[in-house]
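Read off the chains here:
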Amino acid sequence: MVATTRKVNPPDGDRRWKIVEATMRRHGYASTALIETLHSIQETFGFVSRDALNYVAESLNIPPAKVFGVATFYNLFNLNPVGEHVFSLCTGTACYVKGAGEIVDFMKEEFGLEPGQTTPDGKLTFMVARCVGACGLAPVMILDGEVVGKLSVEEMKAKIREWVNHDK
Amino acid sequence: MTNEELVTIAEKEQEQQKQYRYRIMVCSSTGCLSSRSDEILAALESEVKQRGLENEVFVKKVGCLGLCAAGPIVSIQPDGILYREMTPEDVPAILDRLGGEPLEEKLIDTSEPFFTRQKKNALENAGVVDPERIEDYIASGGYSALIKVLTELNPAEVIQEVQKSGLRGRGGAGYPTGLKWSTVAKAEGDQKFVVCNADEGDPGAFMDRSILESDPHRVLEGMIVAAYAVGASQGYVYVRAEYPLAVKRFRIAIRQAEKMGFLGQNICGTPFSFKVDVRLGAGAFVCGEETALLQSVEGNRGMPRLRPPYPAQSGLFGKPTLVNNVETYANIPAILRNGGEWFAQTGTEKSKGTKVFALTGKVKNTGLIEVPMGITLREIVYEIGGGVPDGRKFKAVQTGGPSGGCIPENLLDTPVDYESLKALGSMMGSGGMIVIDDRSDMIDVARYFMEFSMEESCGKCVPCRVGTVQLYNLLGKFQRKEATEEDLQTLEELCDLVRNASLCGLGQAAPNPILSTLKYFREEYLAKIRKPSPVEEEA
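As given, the protein sequences belong to chains B and F, one line each in that order.
For the record, in the first sequence the residue sitting at position 144 is 144 according to our numbering, with numbers rising by one throughout.
For the record, in the second sequence the residue sitting at position 338 is 338 according to our numbering, with numbers rising by one throughout.
Chain B with its partners taken away, still in its complex shape (with noise of 0.2 Å):
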């Protein structure tokens, strides 16, 4: 029996499901594909939201408790809209013996964010990397994407006070 692909509809009328929708067909709709649909739609909408969970489940016709199951397993994909801007703070191995835990304190202090939480205002989010491979540059922190390394603690904590204040 030739399976029929069924036609799902996207959650909503936003135009970027296509971008979506074109991974999905270049893996033929395959139960395989689902990491690479995941990775699509975070790229795309910068988090994972439920809609999109059952979306995906229907289209490639997996059970929705199994993409949740995925969804959740991977560090990487966010299920919750992350903040204006992003901090992240590497916690490898040379980040941490050259004092990136002192930045968590520091985060928890100045902007009460533990790692994962976003600020009310949804202004700033605090996110733990896992080791992101420039430990030549240890202690390494990435400010909406752009890595910043080499310097000392406290050189550090003028840097994000800097960067959150700019467009305030």
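These are computed hints drawn from the structure, not numbers from a lab.
Take the hints with a grain of salt, since some may be wrong.
Derived DSBU-like pairs (lysine-lysine); straight-line CA-CA distance at most 35 Å [what the hints assert, rightly or not]:
no.	chain 1	residue 1	chain 2	residue 2
1	B	Lys159	F	Lys106
2	B	Lys157	F	Lys481
3	F	Lys393	F	Lys422
4	B	Lys157	F	Lys248
5	F	Lys275	B	Lys66
6	F	Lys119	B	Lys150
7	F	Lys393	B	Lys159
8	B	Lys150	F	Lys528
9	F	Lys248	F	Lys106
10	F	Lys481	B	Lys150
11	B	Lys157	F	Lys422
None of the values given here were measured: they were computed from a predicted structure.
Dock chain F against the given chain B, drawing on the hints supplied.
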């Protein structure tokens, strides 16, 4: 593509580059790029144009030049000059001094042991070729191994050559590569797969990222040779999504290789066909374990399973699958070009060739190095690494990431090979080497790694899922000086249990950071055991 055509491309490229009196190369790996080496490249290009030197000076981007601590690095050939910490503002001065006295204050001394004690194979082209141009790779001998293999050798002879080389898996475990290849080759199946493990998850390790960013074609060529040897028709590169530049460059390499006919149907006019696709990881350390990695390629949660059956018999989609690490594949082209015996000349009796390490932490020269097997840890830390900076005292060197251990000063004369490091309670691992100075508390270090293993445990088996949490909490008691003699005993028993009862390598190796610190820095644990208070003593 025939050998003659390949030689023509190589000669044309060499000819073209020789026309220029100077070649200026700018490091464009992640480390230097984040210090804005792209702006230096742009400034150089426009300044060269402005000065009308386009026919004399050739500017190109290259892969990692190694000394990441001094980045961004610019190299000037044929003069052999290396400049450190370049900025776009330095560009006019560099050009002013071409052919004359070099810019003294920015000069890197290339006669230092950091450069002279290294021996390169996997990194041979890093810092030399433009990673985004296949012609540049061909000009330095690229793809000649593939053509030789396809036209002169049968698969069994290829495997024989790899066996002769003594190459062992560079992902850390050190399984003989030739033996793995021959198992997959002998396995029965209408379809076989070749997979490249580029899920470099050890914190503090960036060897595979640098190889993929600096010389993606070398890895690709290694994979194609492997596919021919084992009879595979489809390959996957499973690479961390945290390495966007490596992903981009590898994708470019695949497209270029397809265009030249090194990938696809009937490669180089032979009946051999092979295709490669990229699969992105999504941030799960356990996916570096081969059975978990294969689950992830299939779109599932990356959970390991019991072996046997090994992937060589039943791997991706239940078919025979060869899984090797990036650096392992990167060693293959030179082995086939120069012969297995050539490779086996370097190294120790059981560990042949060279190994790439990411040397980081409290050491003067942090960066990417490739050294012959058998070199001592002391030579790496003190000669190549330049020792511990800021007048601090060396305390330990950590190898093997969360699965490895901390090696103290009195064992630094141990040679670097698979067996010796394992005997010390650490492991070769994929190549992270982190130097720790006397400011770090070893219980903190052990707990840092335990936190990592705890968070990355996939949760499939109880010893790892529960054991790592218990170990983490016990270490916390030591940190707070609340531990008792009994806790120390429990800690040791629990390490033993987690090591012996866990399903996969993650759990089995997770206690190593505790065990090695207990072995070499036991006094730090003992010092944190709570002394009975006077009141209790009276009671």
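Checking each numbered hint in turn, tell me which of them this model violates, lowest number first. The structure breaks only hint 11.
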